[in-house]
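2 protein chains.
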Amino acid sequence: MAEAAQADCVMICVPVGAVEQVARQLLPHMKPGSILTDVASVRGQLGPKITAILPENVAYVPGHPMAGTEHSGPDAGFSTLFEDRWALLVPPEGADQNAITTIEKLWTLCGARTKILTDDEHDRICAMVSHLPHLLAFTICDTADNLSDELRAAVLDYAASGFRDFTRIAASDPVMWRDIFLANREALLGTLDRFVADTQAMADAIRKGDEAGIINRIERGRAIRRTLIENRQA
Amino acid sequence: MAEAAQADCVMICVPVGAVEQVARQLLPHMKPGSILTDVASVRGQLGPKITAILPENVAYVPGHPMAGTEHSGPDAGFSTLFEDRWALLVPPEGADQNAITTIEKLWTLCGARTKILTDDEHDRICAMVSHLPHLLAFTICDTADNLSDELRAAVLDYAASGFRDFTRIAASDPVMWRDIFLANREALLGTLDRFVADTQAMADAIRKGDEAGIINRIERGRAIRRTLIENRQA
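From first to last, the protein sequence lines are chains H and S.
Going by the UniProt record's numbering, the first residue of the first sequence is number 1, and it counts up by one from there.
Going by the UniProt record's numbering, the first residue of the second sequence is number 1, and it counts up by one from there.
Next up, chain H with everything else stripped away, as it sits in the complex (with noise of 0.2 Å):
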């Protein structure tokens, strides 16, 4: 507390559901002048929130950096992390933008590029980017731990070529992720049964022997992947 009391800027980076108890914490001894920021993947209801607790003339400039791997804390740093991926701040209306420029400032510094957002259209992205990405991996793990025993080892022995790379995200750490599909669980099941329906009209194709259904399906993965290559995103 010493040292918020000290701090330009104090930036949160717990689970999403232990923002609003740390920030409770934190506020009433952050000087005047001061920033309050928060790394939380999912904005939900967090910032009318943090603003209704907010003291005078101190500001709140949340940002959500886009980039991370499947290791959580501060050891799993490195120094590039936040090169060409973008931050998404998500200042709350009426944000003090001094504040917003110096939290930009601190991600460019970064390397990042930053964009702001509303808090509905950066957890409908999120959803889509990060969370479903995460219960799919999360599920196809489960998926191949309920298998008979037999079946089970060969699949762990086997495991190279796509069914890997599905599961490296699946390493992430359990509480952040519990957090995050909570607090953006409506946007995360709506995406989920698009996902769902659209994997449904896949295996009906596959079912009726549909040869051009397929290619069309693939094809139009193939221009989503191409488009990321080109934004710098793959």
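No wet-lab data here; the hints were simulated from the structure.
Do not take every clue at face value.
[To be verified] Derived pair list, reagent style DSS-like, types lysine-lysine, alpha-carbon separation capped at 25 Å: (1) S:Lys105 - S:Lys31; (2) H:Lys115 - H:Lys105; (3) H:Lys49 - S:Lys208; (4) H:Lys31 - H:Lys105; (5) S:Lys115 - S:Lys49; (6) S:Lys49 - H:Lys208.
Given the structure of chain H, go ahead and fit chain S onto it with the hints provided.
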């Protein structure tokens, strides 16, 4: 065909739907004592079909290397592609033991480890470790492609972390994967059904706010990932 007549061993490397046709063209030219092999990703009825048209004194020992990238064709090879990977051999019943030993040696010299499996074991394992992940990768891109223009553009901008790992294998060759999905449709659709059921169970846990249920599923995924690392397949 002149080359096939000279060869001690011919390896067919074409999409699985085209293997039988190519074998029918090559086999009449192959010399006594030579070996036919292929690298098809689905065995299905391929073994019995080729065995039925095999000339006397030509052996058939197919093998499927569990390695590769999203790129296809001779130019996509590199010197360490097969190092520490498995080549799954699926010789038909009664295949010549000397020919099996020769094909084992061929893959060992490429750096791979070999294992002999039945067609059915091979296809069920590959449905889980390779065919399902590819189906999911194509589909998550399809889901992204089906979003509103505005949201799709945002997803393509901010794709780091998770999504891009899933899309890498979606760049794979459409004809090759159409053939694989159709050739292994029964095992693949069965594995997909289990996966979708597990996905719905995770979604239920999230919907109900079942914190212990979410953690339990994530922890099991992490255990599978740890075993992969121990098996040097991560």
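- Is H:Lys49 close enough to S:Lys208, meaning Cα to Cα at most 25 Å? It holds: about 23 Å lies between the C-alpha atoms, which stays within 25 Å.
- Query: Taken at face value, is the distance from the CA of S:Lys49 to the CA of S:Lys115 at most 25 Å?
  - Reply: Satisfied, since the Cα-Cα distance of roughly 22 Å is no more than 25 Å.
- Query: Holds or violated: S:Lys49 with H:Lys208, Cα cutoff 25 Å?
  - Reply: The hint holds at about 23 Å.
- Message: For S:Lys105 and S:Lys31, compute the direct alpha-carbon distance and say whether it is at most 25 Å.
- Response: holds, 21 Å
- Message: Hinted pair, alpha-carbon criterion (25 Å max): H:Lys31, H:Lys105. Please report holds or violated.
- Response: holds, 21 Å
- Satisfaction of hint between H:Lys105 and H:Lys115, Cα-Cα up to 25 Å: Since the Cα atoms of H:Lys115 and H:Lys105 sit roughly 12 Å apart, the hinted pair holds (cutoff 25 Å).
Of the numbered hints stated above, none is contradicted by the structure.
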